[in-house]
Amino acid sequence: VQNGLLELHLGKKGVTINVGMGGADMSLGTIAGTMVGLSETISILRMRLGGIEGRSNLNAINQLGYTKNKENWELGIRIKTDKQGVEYEE
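Sequential numbering of the sequence shown, starting at 1, is according to my numbering.
Take the hints with a grain of salt, since some may be wrong.
Derived Cβ-Cβ restraints for the label pairs, each shown as a range [said to hold, decoys possible]: (1) V86 <-> I31: 44 to 50 Å; (2) L8 <-> E53: 44 to 50 Å; (3) N69 <-> E7: 46 to 52 Å; (4) E71 <-> G51: 16 to 22 Å; (5) G14 <-> L49: 39 to 45 Å; (6) L28 <-> T67: 35 to 41 Å; (7) M35 <-> K12: 45 to 51 Å; (8) N69 <-> H9: 50 to 56 Å.
Derived pair list, reagent style DSS-like, types lysine-lysine, alpha-carbon separation capped at 25 Å [stated by the list, open to error]: (9) K70 <-> K80; (10) K70 <-> K83; (11) K68 <-> K83; (12) K68 <-> K80.
Hints in this document: simulated from the structure, not taken from any laboratory.
It should be emphasised that the depicted structure is a prediction, and the values quoted were computed from it without experimental measurement.
Cβ atoms here follow ideal geometry from the backbone N, Cα and C, with glycine treated the same way.
Can you make the complete structure from the sequences, with help from the hints?
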């Protein structure tokens, strides 16, 4: 749990700083962690919305992760980061 002593308020009176402990943690570390999570979410959404190939890739990545095999895990990461190509045929 992280608590701060100063709270920044933006309102009708302009910018004010009060002493308190009810604010949210807006540290650079928290913001950076949020951005990493957002990037991951966008990556997954692209696969889910990318047609049958994207959904198939996402499914394959998930299945490779469940095998507990290091090589399979690394293959899944390479597919996810587009370092490993995947071809589909009809």
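Given hint K83 paired with K68 - CA-CA distance at most 25 Å | 21 Å, holds
Cβ separation of L28 and T67, checked against the hinted range 35 to 41 Å = Since the Cβ atoms of L28 and T67 sit about 37 Å apart, the hinted range of 35 to 41 Å holds.
Do E71 and G51 keep their Cβ atoms within the hinted range of 16 to 22 Å?
-> Once the Cβ atoms are compared, 28 Å apart, the range 16 to 22 Å for G51 and E71 is violated.
Below or equal to 25 Å on CA atoms is what counts here, so check K70 against K80.
-> 15 Å, holds
Cβ-Cβ distance between N69 and E7: within 46 to 52 Å?
-> Roughly 49 Å apart at Cβ, these two residues keep to the hinted range, so it holds.
For the range 50 to 56 Å, tell me whether the beta carbons of N69 and H9 fit it or not.
-> Holds - the Cβ-Cβ distance for N69 and H9, about 52 Å, lies within 50 to 56 Å.
Keeping to a limit of 25 Å between CA atoms, is the pair of K70 and K83 held or broken?
-> 17 Å, holds
Is the hinted range of 44 to 50 Å satisfied by the C-beta distance from L8 to E53?
-> Since the Cβ atoms of L8 and E53 sit about 46 Å apart, the hinted range of 44 to 50 Å holds.
Given hint K80 paired with K68 - CA-CA distance at most 25 Å | 17 Å, holds
Verdict for V86, I31 (Cβ pair) under range 44 to 50 Å | 34 Å, violated
Pairwise beta carbon distance, G14 to L49, judged against the given window 39 to 45 Å | For G14 and L49 the Cβ distance comes to about 42 Å; the hint holds.
45 to 51 Å as the expected CB spacing between K12 and M35, which holds or is violated = 30 Å, violated
Going through the hint list in order, the structure does not satisfy hints 1, 4, 7.
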